[in-house]
Amino acid sequence: MFKEGTCPRCHEKIQVPDDREKILCMYCGQEIRVDEALGGKKEMDLAAYGEHYNRALEGLQELVRTCYRPMQDFKKHLYEGVFDAFYSGHRRVFEAMEYVYRCEENQERWLEKMAECVIEEVKADLNTYKFKSQKNQRLLDYNFQISVYLVPALLKYPAGVSEPFADLLIERWNKAFGTSIGKARFDDIDSGFHRKLCYITTAVCESLGKGGDCRELNLLKEYRDTCLESTPEGHALVEEYYDIAPTIVKRIGRRPDRKEIYERLYRDYLLPCIRSIEARDYDACQERYQKMVLDLKTQYIH
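Going by this note's numbering, the sequence shown opens with residue 246, and the numbers climb by one from there.
Quick caveat, the hints were computed from the structure, so don't treat them as lab data. Please note: incorrect hints may appear among the correct ones.
Unchecked claim - Have a look at the derived ranges for each label pair, beta carbon to beta carbon: (1) Tyr313 with Glu508: 29 to 39 Å; (2) Asn372 with Asn299: 19 to 29 Å; (3) Leu464 with Gly423: 36 to 46 Å; (4) Lys380 with Glu408: 24 to 34 Å; (5) Glu523 with Pro477: 17 to 27 Å.
Unchecked claim - The calculated lysine-lysine pairs, modelled on DSS-like cross-linking and capped at a C-alpha distance of 27 Å, are: (6) Lys504 with Lys377; (7) Lys320 with Lys466; (8) Lys420 with Lys358; (9) Lys536 with Lys368; (10) Lys428 with Lys258; (11) Lys495 with Lys380; (12) Lys455 with Lys420; (13) Lys401 with Lys267.
Predicted, not measured: the structure shown is a model, and the values here were computed from it. For every residue, glycine included, the Cβ atom is placed at its ideal position computed from N, Cα and C.
All chains, full assembly: derive it from the sequences and hints.
Structure (structure tokens):
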């Protein structure tokens, strides 16, 4: 006889045979216990609980300690591969987190414990840096590690712990470090590389109150697609821009003087480009565009 149940991993509704102990979920493919799918709780195996408890916390600490170059790898041709490696390399940690989460009567306490584990590990590392500029740079690395890799990986993993832990970690992280990292899924982030967004131009126009569909933005997009993309040199310049622009926008967005920076970008680069386009002096526009990419890369990447 079949009964309606819910997969404890992916939370999809499934038909469960009540004469078996374990089945495979037809949606996520994970092996699950029938009593859990039907709303029951298995008797806790204390040894397994302790093993998963330690694996989860130690894995989260290791995940933080191996934050090497998250911003350098945040490029169109690298991000998908790096994210996949990150996700597959930490699945056992996510599995352990979920195991403890399902065993805990007080699940909120387990979420708090994991968030505290991550934040305390980061604080301990930041305290090893003598100068404020070094701490700020290292914290920026961690912001990328959390918002571009860990949170999207959690949201991809089909488990009950994933969404609530991502929400709590973001909340506690922003409070602990005075940041404003957000919640995004891998597909949302990755698609940004392929939609050909004018990252910097969009950020500048929005900062100046011009909106995301203003004349300046549309004019520069048209120039990009009809002029720059038509030559090998221009295409290479556009590709370089889309490799570095997301990182540059994120870094500028963290600065207290970001409005002044965007005003300067508009005055020194975008407005001259627009005037050159209007005058049909496309070579001058490309030269100014190229100088903008070089100057931004020098200031915010190197």
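Status of the hints after comparison with the structure:
Look at tyrosine 313 against glutamate 508: about 35 Å separates their beta carbons, and that is inside 29 to 39 Å. Roughly 24 Å separates the CB atoms of asparagine 372 and asparagine 299, a value that falls within the hinted 19 to 29 Å. Between leucine 464 and glycine 423 the beta carbon distance is about 37 Å. The supplied range of 36 to 46 Å therefore holds. For lysine 380 and glutamate 408, the hinted distance range of 24 to 34 Å is satisfied, since their beta carbons lie about 31 Å from each other.
For glutamate 523 paired with proline 477, a C-beta distance near 26 Å keeps the hint of 17 to 27 Å intact. Restraint check for lysine 504 and lysine 377: satisfied, since their Cα atoms lie roughly 23 Å apart, inside the 27 Å limit. Under the criterion of a C-alpha separation no larger than 27 Å, the hint pairing lysine 320 with lysine 466 is consistent with the structure, at around 20 Å. A distance of roughly 16 Å separates the Cα atoms of lysine 420 and lysine 358; the hinted pair therefore holds under the 27 Å criterion.
Distance check on the hinted pair: lysine 536 and lysine 368 sit about 38 Å apart at the alpha-carbon level, beyond 27 Å; violated. A threshold of 27 Å between alpha carbons decides the hint, and for lysine 428 with lysine 258 the separation of about 26 Å falls inside it, so the pair holds. Annotation: proposed proximity of lysine 495 to lysine 380 holds, straight-line Cα distance about 17 Å (limit 27 Å). Only pairs whose Cα atoms come within 27 Å are accepted, and lysine 455 paired with lysine 420 is rejected, the gap being roughly 31 Å.
A C-alpha spacing of about 24 Å is found between lysine 401 and lysine 267, which places the hinted pair at or below 27 Å, so the restraint holds.
When held up to the earlier numbered hints, the structure conflicts with 9 and 12 and fits the remainder.
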